[in-house]
Amino acid sequence: MRNYIAVVFDDTSKAYEGLHALWQMDDEGAVTVHGTTVVHRNDWGEYQVDSKDTHPALATAVGVGIGALIGALAGPAGAAVGAAKGAAIGAASGGAVGAVADLGRADTRDESRYETAWVLGAGQSAVIADVSEDSTFPIDERMRILGGTVHRREWSAVRDDKWFDDRSLYPYDGYLSPYDYYLYPYEYVPPYSPWWAS
Amino acid sequence: MQDTQVKDAVDQVRSATQQLHKAISDAAAKRGGAAKADLEAVPQMAKAAIDSIKGSMPAQNEVAKKRLAEAVTYLEATGKHAADGVKSSGKEFQTSVRQTIADARAAAQKVSEAVAAKRTAGATAGARK
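Residue numbers (the working numbering), protein chains in the order written: chain A, 1213 to 1410; chain B, 2 to 130.
Just to be clear, a hint being listed does not mean it is correct.
As the list claims (entries may be wrong) - In silico contact screen, one side only, chain A against chain B (beta carbon under 8 Å); selected entries:
(1) Thr1244
(2) Pro1397
(3) Tyr1398
Claimed, not checked - Here are the simulated distance ranges between beta carbons:
(4) Glu1258(A) <-> Ala126(B): 29 to 37 Å
(5) Asp12(B) <-> Asp1222(A): 33 to 41 Å
(6) Leu1358(A) <-> Lys88(B): 19 to 27 Å
(7) Asp27(B) <-> Glu1258(A): 22 to 30 Å
(8) Lys88(B) <-> Ile1357(A): 49 to 57 Å
(9) Glu1399(A) <-> Glu93(B): 43 to 51 Å
(10) Lys92(B) <-> Glu1366(A): 21 to 29 Å
(11) Ala38(B) <-> Ser1347(A): 45 to 53 Å
(12) Ser89(B) <-> Gly1359(A): 24 to 32 Å
(13) Gln45(B) <-> Glu1366(A): 34 to 42 Å
(14) Gln45(B) <-> Gln1236(A): 26 to 34 Å
(15) Lys88(B) <-> Pro1350(A): 44 to 52 Å
(16) Gly123(B) <-> Thr1348(A): 44 to 52 Å
(17) Lys67(B) <-> Gly1257(A): 41 to 49 Å
Hints were generated in silico from the structure; no laboratory data involved. No residue lacks a Cβ here, since even glycine has one placed at the ideal position from N, Cα and C.
In isolation and in its complexed conformation, chain B is listed as follows (with noise of 0.2 Å):
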C-alpha cells in the first residue's frame, strides 16, 4: 500500500512538472503580450510543483532523491526566469524564454530519471524475491 502511494506522489510530481514544460513551450509559440501573460503563471507552477517533490522525497531511495533535489534546482531557476521574462521585453525576454524552457525541460528530465530509478530499485527487489 505504501509502495503505491509512493508511486503515485512521484507520477504526480512528474506530471506536474511535464504540465510546465508543456505551459511554457505552448507560451514560448505565441507573440509578444499573449506569450508574457502565460509566463505569468508559470513561477507559481514552478513553486507548487517543488511543494509537491519536497513532500514525496522523504519516502524515496538515494538515486532518486538526489534527482529529485536536481529538480527542484532546476524548477527553482525556471520560476527565476520566467519572473524575468515578464519584467523584460526584445533580445532580454527572448533570452529569459529561452532560460524558461531549458530549465523546465531539464527538472522534466531529472524527475523522469527520478521515476527510472524508483522503478529499477523495484524490479531488483522484486527479483530478489
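Only chain A is shown next, with the shape it has when bound in the complex (with noise of 0.2 Å):
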C-alpha cells in the first residue's frame, strides 16, 4: 500500500535520526521511500520546509504552500483551507481544522482506519514522507524506537481530494502533485538551520 506518513518528533534531532532511518530502511528493502522532507514549527507557530537555497523558478514550482502540504495530509477539510488560504496562513490553520475534521471521517470510513488526526505543536518536527509498505509495522516500530508518533493518509486518499483539481495549482506537470515539489526523492539534509533550536 502507498501512503504519505508525517512522523511528529518532539526534538528536531530526531526527526532527522527518523529521516536517516527511513532511507536506511528503503536500502534494506523493508519499505520503497519516494520521498521525503522535514518540516518545523516554531514557538509562534509558523512553519518552515528545509530545503536547498530557493532560485525563484524552484520558488514558483513549490508556491502553492507548506500548508497546503499540512493540511492535506491531516485531512480533507485542511487540503481545503490549506489550498484556500495559502503558504503561511494556510499552515496555521489547515492542520488543525483538517485533523478535528478528519477524526469524524474516520469514524465513518472503514478504508480510513489508520489514518490518524494530527497537528503539529509549536516546537515540534515532522518528517513527511510518500512511501510504499507492505505492513505498516517496520516504520511503526522504528520510528517508535526514536521516540516519534507516526500518522498516516493513504496516498490516494490525498490525490482524491476535490481541491487537487485545480490545475493552476500546479501547472507545469500532470503527474506530481504540489506536494510533490517539497519531497526530496532523496535523503537531503540541509546546512543547520537556526529553527532547529526553537
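Quick one: dock chain against chain with the hints and give me the complex.
Structure representation (C-alpha cells):
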C-alpha cells in the first residue's frame, strides 16, 4: 500500500534521525521511500521546510505552500483550507482544521481506519514521506524506538481531494502533486538552520 | 543470482535518476551563468539514465516495465527542457529550469515506483513459497 506519512518528533535532531532511518529501511528493502522532507514549527507557530537555497524558478514550483501540504496530510478539510488560504496562513489553520475534521471521517469510513488526525505543535518537527509499505509495522516500530509518532493518510485519498483538481496550483506537470516538489527523492539534510533550535 | 543482478540494475537506475534530480536542483539554486553551466551537463546525464533503464527493462515484471517506460518519457523531457534552458535567458530560462526539475522529479518517482513494484512482487512470491 502507498501512503503519505507524517512522523512527529518533539526534538528536531530526532526528526533527522527518523529521516535517516527511513532511507536506511529503503536501502534494506523493508519499504520503498519515494520522497521525504522535514518540517519544523517554531514557538510562534510558523512553519519551515528544509530545502536548498531557492532559485526563483524553484520557488514558483513549490508555491502552493507548506500549509496545503500539512493540511492535506492531516485530512480533507485541511487540504481545502490550506489550499484556499495559501502558504503561511494555510499552515497555521489548515493542519488544525484538517485534524478535527478527519476525526469524524475516520469514524465513518472503514478504509480510513489507519488514518489518524495530527497537529504539529509549536516546537515540534515532522518527517513527511511518500512511501510504499507492505506492512505498517516496520516504520511504526523503528520510529517508536526513536521517539516518533507515525500518522498515515492513503496516497490515493490525498490525490482524490477535490481541490487537487485545480490545475492552476500545479501547472507544470500532470503527474506530480504540489507536495511532490517539497519531497526530495533521496535523503536530503540541509545545513544547520537556526529554526532547529526553536 | 539473477535476482541480485536485476535488483542491482534497477537500484543503479534509481541512483542515477536521484543524482540527476540533485544536480538540477543544485543548479537551480545557483544564479545566472553558473546555473546555465551546470545545466549543460543534464542532457547527457539524462541520456545515460535512459540507456541504463532500457538495459534493465527486459528482466522486470509488467508493472515495473510500465513505470520504467514512463520514466524514460520524463527523462527525455528532462534532457529537452535542460537543452532549451541552456539556449534561453530571462523568463524563458526560468520556465525551462522549472520544467526540467519537474521532469527529473517525475522520472525519479517513476523509477522509485518500479522498485516498489519489484519489491512487492518479490515479497508476494516469497510468501507463496
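Going by Cβ atoms only, is Tyr1398(A) closer than 8 Å to chain B? Check passed: Cβ of Tyr1398(A) comes within 4 Å of chain B, closer than 8 Å.
Distance restraint hint 19 to 27 Å, applied to the beta-carbon atoms of Leu1358(A) and Lys88(B): 48 Å, violated
Close enough to count: is the Cβ of Pro1397(A) nearer than 8 Å to one in chain B? 4 Å, holds
Go ahead and decide if the range 21 to 29 Å is satisfied by the Cβ distance of Lys92(B) to Glu1366(A). Cβ of Lys92(B) to Cβ of Glu1366(A): about 38 Å, so the range 21 to 29 Å is violated.
Is 33 to 41 Å respected by the C-beta to C-beta distance linking Asp12(B) and Asp1222(A)? 34 Å, holds
Has the hinted range 26 to 34 Å been met by the Cβ atoms of Gln45(B) and Gln1236(A)? With Cβ atoms ~31 Å apart, the hint holds.
For the pair Ala38(B) and Ser1347(A), does the Cβ-Cβ distance stay inside 45 to 53 Å? For Ala38(B) and Ser1347(A) the Cβ distance comes to about 46 Å; the hint holds.
Verify the CB-CB distance for Asp27(B) and Glu1258(A) against the hinted window 22 to 30 Å. 27 Å, holds
Determine whether the Cβ-Cβ distance between Gln45(B) and Glu1366(A) falls within the hinted range of 34 to 42 Å. 39 Å, holds
Kindly confirm whether 49 to 57 Å is satisfied by the beta carbon distance between Lys88(B) and Ile1357(A). 52 Å, holds
Supplied distance hint 44 to 52 Å, evaluated on CB atoms of Lys88(B) and Pro1350(A): 47 Å, holds
Range hint 41 to 49 Å: satisfied by the CB atoms of Lys67(B) and Gly1257(A)? 44 Å, holds
Violated hints, in rising order: 4, 6, 9, 10, 12, 16; the structure is consistent with all others.
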